[in-house]
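Chemist: These are the residues of each chain, in order.
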Amino acid sequence: DAGVIQSPRHEVTEMGQEVTLRCKPISGHDYLFWYRQTMMRGLELLIYFNNNVPIDDSGMPEDRFSAKMPNASFSTLKIQPSEPRDSAVYFCASKQVGGNTIYFGEGSWLTVV
Amino acid sequence: AQSVAQPEDQVNVAEGNPLTVKCTYSVSGNPYLFWYVQYPNRGLQFLLKYITGDNLVKGSYGFEAEFNKSQTSFHLKKPSALVSDSALYFCAVSPPHNTDKLIFGTGTRLQVFP
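Here the protein sequences come in this chain order: U and B. For the first sequence, my numbering begins at 1 and goes up steadily by one. For the second sequence, my numbering begins at 1 and goes up steadily by one.
These are calculated hints, taken from the structure and not from any lab test. Treat each hint with caution, since some may be false.
To be verified - Straight-line C-alpha distance at most 25 Å; calculated DSS-like pairs for lysine-lysine:
1) K69(B) x K49(B)
2) K101(B) x K24(U)
3) K101(B) x K68(U)
4) K78(U) x K22(B)
5) K101(B) x K69(B)
Could you build all of it, start to finish, from the sequences and the hints given here?
Modeler: What follows is the structure, given as structure tokens:
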């Protein structure tokens with residue numbers, strides 16, 4: 001299996017610009033998670049989906065952040081407008097229904113200048 | 001509040017020596033417990049998990065972890081460390097009432113010296 005696939009791997013953007021991060025979960029996995037990793041706050045769960053439906057978005061920091069999952073094999077995390085404090089590594093992860101192990105992608109390393 | 005504690009920011013060990021990376025948790029009931037490893041500029045890789053059964057679980061790369069319910073701990077161990085084990089290690093817990101979620105510790109950097 002190819003694992004969780006994220007793109008872009010690295011992005012540098014200017015403050016105020018829109019950023020879109022993309023994720024393809026492992027085939028057959030019904031759960032999809034977006035995490036953010038920073039030095040100050042560690043790993044935080046932003047939002048997760050089950051069968052393409054958002055289940056818990058309480059970790060989304062503010063209205064500038066939005067996430068969608070239009071189908072079982074694709075999800076986006078969008079930041080609009082981006083700010084320097086959004087600089088972080090954003091991980092997508094997935095899990096099978098009935099499973100208990102979450103598998104992570106390689107991350108999208110975002111720098112907002 | 002549910003939480004995971006990794007009391008050591010960094011653990012240093014000589015190659016060939018045993019290593020232990022500590023983890024304690026504060027979750028009611030019987031949680032699921034996990035260890036993940038993150039190599040530089042990479043994602044998190046699953047190492048091992050405890051769900052139920054034998055308190056000693058074995059995982060990838062020769063790692064193992066011991067679940068201790070009375071001490072609410074899940075320490076990661078390896079009998080003989082390798083330089084290539086140097087990485088960031090995360091302990092995580094899924095609360096029994098919501099096993100969809102993972103609550104992560106702050107991570108422990110393991111440095112193995114030749």
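Chemist: Hint by hint, note whether the structure agrees.
Modeler: Hint by hint, here is what the structure shows:
Of the supplied pair hints, the one linking K69(B) and K49(B) holds, its CA atoms being roughly 15 Å apart against a limit of 25 Å. At roughly 19 Å between alpha-carbon atoms, K101(B) and K24(U) fall within 25 Å of each other, so this suggested pair holds. For the hint pairing K101(B) with K68(U), the CA-to-CA distance comes to about 19 Å; that is within 25 Å, so the pair holds. Distance restraint check for K78(U) and K22(B): the Cα-Cα separation of roughly 36 Å exceeds the 25 Å cut-off, and the hinted pair is therefore not satisfied.
A distance of roughly 20 Å separates the Cα atoms of K101(B) and K69(B); the hinted pair therefore holds under the 25 Å criterion.
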